[in-house]
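Participant: Here's the letter readout for the chains.
There are 2 protein chains.
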Amino acid sequence: MATPIIQLGLGPIGQGIVRHILARRDYDVVGAVDPAPDKAGRSLAEVVGLEAGAPGADAARSVTVRASLDEALAAASVAPVLAIHTTSSFLSQVTPQLVEAADRGLNVVSTCEELSYPFHHHPDQARAIDEAARRAGVSVLGTGVNPGFVMDLLPVCLTGVAASVLSVHVDRVVDAGTRRGPLKKKVGAGISLEEFHRRAASGTFGHIGLVESVAMVGAALGWTLTRITSDLRPKVAEEPYESPDVRVAPGDVLGIDQVAAGVDPTGAERIRFHLQMYVGAPDPHDTVRLEGNPPLELTIPRGTPGDVATMAAVINAIPQVIEAAPGLRTVVDLPVPRWRRP
Amino acid sequence: MATPIIQLGLGPIGQGIVRHILARRDYDVVGAVDPAPDKAGRSLAEVVGLEAGAPGADAARSVTVRASLDEALAAASVAPVLAIHTTSSFLSQVTPQLVEAADRGLNVVSTCEELSYPFHHHPDQARAIDEAARRAGVSVLGTGVNPGFVMDLLPVCLTGVAASVLSVHVDRVVDAGTRRGPLKKKVGAGISLEEFHRRAASGTFGHIGLVESVAMVGAALGWTLTRITSDLRPKVAEEPYESPDVRVAPGDVLGIDQVAAGVDPTGAERIRFHLQMYVGAPDPHDTVRLEGNPPLELTIPRGTPGDVATMAAVINAIPQVIEAAPGLRTVVDLPVPRWRRP
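Top to bottom, those sequences are chains A and B.
Residues in the first sequence are numbered from 0 upward in steps of one, following numbering that gives the first Met the number 0.
Residues in the second sequence are numbered from 0 upward in steps of one, following numbering that gives the first Met the number 0.
Derived by calculation from the structure, the hints in this document are not laboratory data.
Don't take every hint at face value.
Claimed, not checked - Label-pair ranges, simulated between beta-carbon atoms:
#: 1; chain 1: B; residue 1: Pro-300; chain 2: A; residue 2: Ser-76; range: 47 to 53 Å
#: 2; chain 1: B; residue 1: Glu-296; chain 2: A; residue 2: Ser-67; range: 42 to 48 Å
#: 3; chain 1: A; residue 1: Ala-78; chain 2: B; residue 2: Thr-223; range: 29 to 35 Å
#: 4; chain 1: A; residue 1: Pro-294; chain 2: B; residue 2: Arg-179; range: 16 to 22 Å
Since this is a predicted model, take the numbers as computed values, not measurements.
The C-beta atom is built at its ideal place from N, Cα and C for all residues, glycine as well.
With the hints as constraints, model all of the structure from the sequences given.
Facilitator: So, in structure tokens, the structure goes:
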């Protein structure tokens with residue numbers, strides 16, 4: 000029998016996840032929530048752009064997007080067992096949503112980057128979510144590609160064949176020029192240096208989740224990290240860059256160059272995660288390097304793709320989250336999420 | 000408090016594991032079993048070649064290697080909670096040993112390749128071990144580098160960011176010339192073609208565990224594999240090969256070239272694992288390729304090293320096996336084994 004799911008948040012990633020799930024036989028989307036005026040009240044098929052005849056279009060036409068979780072639950076033909084949550088990167092915004100979902104008896108898989116490992120940077124919110132989940136006997140997980148895979152699960156997995164590890168380095172280079180418009184905008188492609196520094200000072204610019212991955216890996220490997228640092232710099236154009244949807248003049252910003260690191264009580268830097276995400280980045284790749292015995296290196300040439308892999312990471316984690324012990328979980332606590340034939 | 004461990008089998012890998020564990024603070028080796036006349040009755044420190052003053056040498060001098068598990072348990076200062084088992088690649092030999100260990104209340108991590116996923120090829124032995132483990136409330140796991148990592152855990156982990164998978168390919172190339180003597184011998188470096196075919200016909204020659212990895216990945220991804228094939232060929236020298244400990248004349252054997260594959264009911268080959276292990280192999284590497292959406296590739300340049308990584312895989316799985324639900328487990332059932340600061 001198909002597992003009934005509810006979708007919370009219908010931005011581009013939420014819409015993509017719904018389309019993927021509707022094309023599978025093992026999940027049913029029995030409800031969807033998005034309060035945006037152009038979404039609430041319309042059919043899910045319309046909102047996610049499913050033509051009549053597309054896989055799952057009939058099912059999606061029978062679901063109306065609702066402005067609140069309780070309205071969606073009241074309208075659902077079957078009670079969902081899990082919510083897919085794709086509303087925001089920030090715990091301050093999503094904590095009430097996650098607590099509400101847990102209170103309604105829903106397991107949750109979320110793309111919220113700060114949720115991937117909130118115990119270090121947001122202990123109060125982590126505790127509130129964990130307590131709500133335990134009270135309800137459900138599990139909550141934040142995952143995706145990064146955080147969720149490239150800079151946490153993958154390096155932790157690689158340490159499994161190491162007799163000792165001195166440090167963990169991950170380099171991820173993404174050519175934002177090959178990605179959808181919002182990502183180019185997110186990394187600041189085309190803005191001035193002045194604007195970059197203004198946004199950086201806001202604290203919500205740049206890629207979210209690096210420091211969470213540092214904290215997750217530190218905890219998984221038993222390192223006490225007394226300092227977790229984060230450094231965000233602009234990648235500046237030396238030559239003009241031009242593509243159909245973005246132009247960057249020399250001296251302006253191509254994207255971000257971001258480093259998060261973890262230092263132990265002896266002052267040794269144990270973890271260093273480096274993310275470069277800018278238009279025109281040459282040689283995109285993900286590389287994990289472990290110093291230790293033996294030294295180990297692992298590369299994903301061209302890098303783990305962004306959006307489709309993020310959607311996949313969320314969908315593939317569903318069975319593990321439903322099976323997990325109640326509480327707020329992290330991706331390294333669970334049997335590895337894997338694709339499974341629908 | 001350190002976790003008390005007992006070592007079953009003191010061949011090269013078992014000895015290496017003991018040396019690694021003795022150098023850590025989180026495990027104590029409280030017993031060791033090997034019936035070989037040159038081992039039983041001697042001190043563990045002597046058998047594993049620990050000089051006085053080496054880490055753990057004092058502890059190892061206080062342990063006498065015994066010929067049987069019951070003798071070792073009777074002599075142990077503390078009851079061990081887990082046995083590390085490194086005696087044989089073949090379930091027919093190890094099943095009674097594993098059942099005995101489970102009956103004595105011991106969790107087990109084993110390097111037995113056929114144990115990594117015995118449910119397909121050895122269902123009766125799998126059931127006997129699983130029942131003994133459940134009866135005793137302990138867990139049993141077979142793991143290592145291959146099987147245990149390169150051709151099962153790693154590709155399954157990579158599918159976690161795939162929205163669909165059509166096939167899984169892994170290529171592993173090992174230069175046996177850089178490995179210890181027994182491995183060169185195991186792959187047949189220097190023997191004639193005639194001798195190769197004679198050994199191949201015995202059914203116990205070649206690398207053990209490839210078909211187990213195929214079955215494990217098939218089950219993890221939900222594919223019904225109606226046929227699992229295995230093909231073992233010699234890698235033949237075209238030019239003379241010479242190293243300090245092996246000479247191969249043209250026309251003789253450098254090592255093995257082995258393929259295991261899994262085919263589904265439609266006749267589609269879903270899984271293809273290719274292992275080349277021979278002296279002088281150029282460009283050693285492990286590469287995982289997934290056909291699907293998105294296509295994904297992952298490479299470990301120079302390849303996952305053999306012995307030290309195997310020992311590490313076993314040691315790193317100990318906490319997961321102790322925590323696991325009782326029964327016969329596989330490496331993809333558990334939270335990923337990881338190195339942890341001792």
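Participant: Each hint: holds or not?
Facilitator: For each hint, the structure was consulted:
| no. | hint | result |
| --- | --- | --- |
| 1 | Pro-300(B) - Ser-76(A): 47 to 53 Å | holds (52 Å) |
| 2 | Glu-296(B) - Ser-67(A): 42 to 48 Å | holds (43 Å) |
| 3 | Ala-78(A) - Thr-223(B): 29 to 35 Å | holds (31 Å) |
| 4 | Pro-294(A) - Arg-179(B): 16 to 22 Å | holds (19 Å) |
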